[in-house]
Amino acid sequence: MPSICLYFQVHQPYRLRNYTIFELGNDYFDEARNIEICQRVARKCYLPSNLLMLKLIRKYGGKFRIAYSVTGTLLEQIELYAPEVMASFQKLAATGCVEFLVETYYHSLSFLHSREEFVEQIRLHEETIHRLFGQRPRIFRNTELIYNNDLATAVEQIGDFNAILAEGADHILGYRSPNFLYRPPNSTKLKLLLKNYRLSDDIAFRFSNRDWSEWPVTAERFASWVNAVNGDGYVVNLFMDYETLGEHQWEDTGIFGFMEQLPSEILKHPDNDFKTPSEVVAAYDAVGEFDAPYTISWADIERDLSAWRGNPMQENALHRLYALEQKVKATNDPDILTDWRRLQTSDHFYYMCTKYFADGDVHKYFNHYDSPYEAYINFVTVLDNLNSRCCKALPQEQPASFSVISRDDASPSPV
Amino acid sequence: MKAFMLGWEFPPLISGGLGTACHGLTKAMGGLGVQIAFVLPKAQVSGYTGPVRVLSAEGSVKTEQVGGFEHVSFHEIPSSLRPYVSSAAQEAYAPGRGPFRPGNRRYVRSWHSEDSEQVENYPHDMAQQVRRYASKAVEIATVEEFDIIHAHDWMTYPAGIAVAESTGKPLIVHVHSTECDRSGDNLNQNIYDIERHGMHFASRVVAVSNYTKNIIVNRYGVAPEKVTVVYNGVERDSGGDGSSAYALPDKMEKIVLFLGRITMQKGPEYFLMAAKKVLEKVDNVKFVMAGDGDMTNRMVEFAAYLGIGHKVLFTRFLQGVDVDKAYQMADLYVMPSVSEPFGIAPLEALKHKVPVLVSKTSGIAEVLSHALKVDFWDIDQMANKIVAVLKYPVLSRTLREYGHIEMHKFRWEDAAAEVKGIYEGVLTG
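Residue numbers (my numbering), protein chains in the order written: chain A, 1 to 415; chain B, 416 to 844.
Extracted from the complex, chain B is given alone in its bound form:
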């Protein structure tokens, strides 16, 4: 069986869980003997030496086996996109100063903006990149042999549809997140339309959780029987295994960690409001916000406004060993997401034997037993539970130990087998 897979990011060049998920799934599917041609936009930065070699194929078609991946080849399309905006970009384009809608400070995406060519590397030229990616993908498809097309998230749906139309092969779309998660009720209509069209055009839709499936059914009008839930896995080979690989200074204080993009979707302001409440009860604790996003600077200001600036540390974007270090330092990982389709980060935290507290509006909350769960808006409960973990070592220990064991049930091999089953179902009609 051969799959033509369309993705947007791949480690180490990732801005979220999508790249991690594509990496884990592709590797495991290759292990099951599924032949995969993986099409990626060309990364902006090269020179990484990771497990995956970043290939360049400027305008041309090139395939190559990459270390650690069986049966998988990679195609790169030159493109410079990053789906999310950093704090620096946000600073430069404050409302009223650029082609951005005032009031929408969450995601700066101006889809058909006339200015889109003027500033490179920022998401408002994303429409062009998505179109370019689609046309290149069709070109690559003419020389590749495959049975099925598998597109990951909206940026690749136009490519998936174009390839399906030109080849007549069935399309599967894999929903790792939706516009409803990312932007709440302030939807970007163009992106929503692309998502909706992709989901309706596809033969089958894969959702990363029942939480996401419900959004697909209720907000996008897709028939529930067309949507299959396949939970993500967690990779074992990378990062720490709970043992301390790095020498850390003796901590005098407990550390509560937020790690993720600092955007509306991730609920950073709820984390800070809970921190303020925790500090009313407990003194020797610090709150670390690791990550970057369009709300970073506002959160720095907000922490100061709450009078807890000296207790909150901002690390900006972290990669590789720094991520591992952040987890290892932490006494609790908090994911206060407003809407989280799955949530691989809590599993990464458990891999590092860090107890986790997650919002109920997340995919992971529906499958992970050994985690604390709160409504993201319930600041009192969030603070109450954070204090409990800091105060009662036995609670922390139970969450950590049982959670670490439970984390192992999230296997990419299982996810890959389920996806393979979906392929077979589609191909045999």
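Next up, chain A with everything else stripped away, as it sits in the complex:
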């Protein structure tokens, strides 16, 4: 001990195109931009990283093991725009050393807004993972590691899963270590794997930061930090975006060399090994309860929902989106349903975040809008068009006559 549990989040949204009130088209998404980004990230991250992982798995004869959660929106896009990435993920799946996790297909915030939609999206993702990679996922991770006690209850009710991944948030753990397994209150079956955010973020965020006192960090040095856990934990959960490799941390930072060295440095210590989340769950018992009455996530310094629900525009956009659910589903129109679901991807709300000043860098990097206001206006304009499509498809539904005087924001005050 300890085990290293390496899990990568792999995701791209369908970005919206610039859509104004003067348009009537149903083509909401910016195909050219989405193709361009998908292929760029494939080139800089997915392909070289998959190749590296495959190489490491072969080199260490099954001792190097990893997990992925690949969202439905990305799987669709690589199937169309970068099929060689799909093939390389399938090769990885065939090694038996790679576990695929399940989440909401559209990387959505549906858990917070519609439990019915939440379950449907999990089912959809499970089926897709099974179809593409031949695995039945047993580990659940929610969008952006959004988690609370209710989520555990909801996931336990679905019944297929053994564990959930969550952020090792200090304010819940207190003096306790994220390097053990925990269980949610009132749960008999589920275990929780908590992200070791210090060691994870050393790679994901600080790796190329020259102001960081530990820069430049070598695989040897990183392994020594992992070894320091020995005797004080079962598992070090390193959870991060896959795009860390080559996209957030560019190739010239040495990130690929670091990853290539890491397994040998970790495995130098005889007590260490690599385990997938399911193997961690099988190997270790939960040591205590992780009580999260309030919602946590892995985002920003707040580790809460404020990146997606931190201002009235975000609340309003989410409220309007999920208020359409019954109407959308009543149309029985697969195109309308797909468009509505693609609008649920959390990125659309992240673009509307006004927390510029503290977390500005990260938020701006992932944002193709000039401002959160542009993001909101574009989103709700598209939503209005979707609404009118629903009304057209449902003759009994007439769009409410539009008056700019009416106070139609039913959203609560800013958090």
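Because the hints were derived from the structure by calculation, they are not lab data.
Just to be clear, a hint being listed does not mean it is correct.
Claimed, not checked - Distance condition first, Cα-Cα at most 25 angstroms in a straight line; then the derived BS3-like pairs of lysine-lysine:
hint, chain 1, residue 1, chain 2, residue 2
1, A, LYS355, B, LYS768
2, A, LYS355, B, LYS775
3, B, LYS726, B, LYS691
Please build the complex by placing chain B on the supplied structure of chain A, with the hints as guidance.
Coordinates of chain B only, in the frame set by chain A:
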């Protein structure tokens, strides 16, 4: 430290942002203990009772402390100038009827016109006024003690240069706007030359934004390291603070406000074209154009031509409480400027808790986050965003509330401290 400051206008006698900026900056610099002698042309109209007493010093030198200003004295030079032309003046001097170049309907400035003495109070005698101002300023300088000269905009650059040459003191020119902003590519060569000479002669140039700094560097050939950006502030004491100080009738319609000079620089025609588009989507909204300028009458005609005359109200020039009322009535303030060096008006709108939409070709767009931004020529986007603000109250609320908070970061105290730092840098060499 003592500064000899040369300005052209001062509240309440202002036609644009220059007077407001001089007022805010001077007051804050006085507060920092900088001694300032402020030289102004004599105003045409007297009898205002504002916070600043307008002093008369016909031909002679006179200094006096003015209420609310520490360490600041004012000198007035009799002169009748207004840098901008009103719609009435424009009417009287339609192309072909006077000494004005046909085709240049923007600014009627005939620099060395022989007719310049014939019509008083109009800008074509401005050259004479600028010269007169310069010679008077040199006279005043002989009896004032100061360390540094600070000239605001081109009308005072000749005075600044003359005083610098006669006293040997360093000159700083402060660029609140340039001929390139005001006249696009149809430059008045004389004014451009005065601006260029002032910028090159000066020890340092203060620009009100990076947008303006780029113009100074690229269009006037000034070395970038000589130009320092100092953003304007917004004054807290005057005008509304967002609370409704005046009883307004219950509005049945939303109001979108344009407030500023109605001139080419401010992009009034884009505002009307966007209004036309908005009205295709939303009915219960009116567009208010507050201000005056050489394009006012054309805009009245243009609104009629677009078939939206009944939806556009023209208020002509507004002052004092009327400006506050205009802001308070508004649901959105739009500044569609073709070229705006800074843009204090959007900050004034935010002070009144009115959300703002500004053109990207403005200084304020580079520093204000909580504003909608468009290219002035992108009518579809402008209309799209106006509709969004009218239609989605939560958008209006977010822009209003966050913008109001952000507005407070524009402090004249900070601008004054930066200018003081520039003085110190120049004086210590």
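Do the hints match the structure? See the list:
1. A:LYS355 - B:LYS768: Holds, at roughly 20 angstroms.
2. A:LYS355 - B:LYS775: Within the cut-off at roughly 22 angstroms; holds.
3. B:LYS726 - B:LYS691: holds (9 angstroms)
Hint compliance for this structure: every hint is met.
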